[in-house]
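**Q** Go ahead and model the full structure; you've got the sequences and the hints to work with.
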Amino acid sequence: DTGVSQNPRHKITKRGQNVTFRCDPISEHNRLYWYRQTLGQGPEFLTYFQNEAQLEKSRLLSDRFSAERPKGSFSTLEIQRTEQGDSAMYLCASSPGTGSTKAFFGQGTRLTVV
Amino acid sequence: SQQGEEDPQALSIQEGENATMNCSYKTSINNLQWYRQNSGRGLVHLILIRSNEREKHSGRLRVTLDTSKKSSSLLITASRAADTASYFCAPPWRTGGYNKLIFGAGTRLAVHP
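Chains as they are written, first to last, in the numbering used here: chain H, 1 to 114; chain B, 1 to 113.
Think of the hints as simulated: they come from the structure by calculation, not from any bench.
Here the structure is a predicted model, which is why all the values come from computation and not from measurement.
Treat the hints with care, as some may be off.
Distance condition first, Cα-Cα at most 30 Å in a straight line; then the derived BS3-like pairs of lysine-lysine [what the hints assert, rightly or not]:
| # | chain 1 | residue 1 | chain 2 | residue 2 |
| --- | --- | --- | --- | --- |
| 1 | B | K69 | B | K26 |
| 2 | H | K11 | H | K71 |
| 3 | B | K56 | H | K102 |
| 4 | H | K102 | H | K71 |
| 5 | H | K71 | H | K57 |
| 6 | H | K102 | H | K14 |
| 7 | H | K57 | B | K26 |
| 8 | H | K102 | B | K26 |
| 9 | H | K14 | H | K57 |
| 10 | B | K26 | B | K56 |
| 11 | H | K57 | B | K56 |
| 12 | B | K26 | B | K70 |
| 13 | H | K57 | H | K102 |
| 14 | H | K102 | B | K70 |
| 15 | B | K69 | H | K102 |
| 16 | B | K56 | B | K69 |
| 17 | H | K11 | H | K57 |
| 18 | B | K56 | B | K70 |
**A** Laid out in structure tokens, this is it:
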């Protein structure tokens, strides 16, 4: 068990560019969450997967955001046509599918849009 | 939404002192979790308390839960500089047949040597 892994740890991109982040959850965890966190705020829920199915996507997410979890393993979060307001820490978490909501978080990907 | 609301927003204490953080939530729950986040890092699960428990201990942490008041508290005893972090409560929010964690703004704890 190596924990939840996120890559890259840091990403600086120019406004208008597309970016993609990857999350590798703890193996055998069938639940995966993405959160976004800005300075001084708590993590804001973005989307949730159970296995490969995306069960919920926050209304706060614009159509520029898309997430996938092929084969129920790793997940990717893509942001198209980035804006300065997208600058934040993007956190991934996973939890087992046994009824427990105890979540294990990755170290996050810090996105800076310039 | 069901996010927990932590109070105070910020807390500054000296090493050795106790730190108490409070959490309020809105609807019935079957458990509540507390997480810690060091600056620039991911969240780390601290403790889970179930609705049929009133108090739970883990090392220097003591968590209470009052379901009648829809509130919880986290007490850190004999604080250390390494306890400096943000602390979040997370009552589960059941939607669409599953539970998800919704976080408030947290309590930022600063422990000074």
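**Q** Could you run down the list of hints and mark each one as holding or not?
**A** Right, here's what the structure says about each hint:
For the proposed pair K69/B and K26/B, the alpha carbon gap of about 9 Å is at most 30 Å, so the pair holds. The suggested pairing of K11/H with K71/H holds, with an alpha-carbon distance near 26 Å, which does not exceed 30 Å. This hinted pair checks out: K56/B and K102/H have alpha carbons roughly 16 Å apart, not beyond 30 Å. About 22 Å separates the Cα atoms of K102/H and K71/H, which keeps this hinted pair within 30 Å; it holds.
Restraint check: the Cα-Cα separation between K71/H and K57/H comes to about 19 Å, which is no more than 30 Å; the hinted pair holds. Restraint check for K102/H and K14/H: the C-alpha separation of about 36 Å exceeds 30 Å, so the hint is violated. Of the pairs offered as hints, the one joining K57/H and K26/B holds, with about 22 Å between alpha carbons and a cut-off of 30 Å not exceeded. For a cut-off of 30 Å, the pair hint linking K102/H to K26/B stands: about 20 Å separates their Cα positions.
The hinted pair formed by K14/H and K57/H meets the criterion: a straight-line CA distance of about 26 Å does not exceed 30 Å. At roughly 21 Å between alpha-carbon atoms, K26/B and K56/B fall within 30 Å of each other, so this suggested pair holds. With a C-alpha separation of about 34 Å, the suggested pairing of K57/H with K56/B is violated against the 30 Å cut-off. A threshold of 30 Å between alpha carbons decides the hint, and for K26/B with K70/B the separation of about 7 Å falls inside it, so the pair holds.
A threshold of 30 Å between alpha carbons decides the hint, and for K57/H with K102/H the separation of about 20 Å falls inside it, so the pair holds. Proposed proximity of K102/H and K70/B is supported: the alpha carbons are some 20 Å apart, at most 30 Å. Restraint check for K69/B and K102/H: satisfied, since their Cα atoms lie roughly 23 Å apart, inside the 30 Å limit. Our distance criterion of 30 Å between C-alpha atoms is met by K56/B and K69/B, whose separation comes to about 17 Å.
Between K11/H and K57/H, the direct Cα distance comes to roughly 23 Å. Compliance with the 30 Å bound is thereby established for this hinted pair. Of the supplied pair hints, the one linking K56/B and K70/B holds, its CA atoms being roughly 16 Å apart against a limit of 30 Å.
The structure does not agree with the numbered hints 6, 11 stated previously, though it agrees with the rest.
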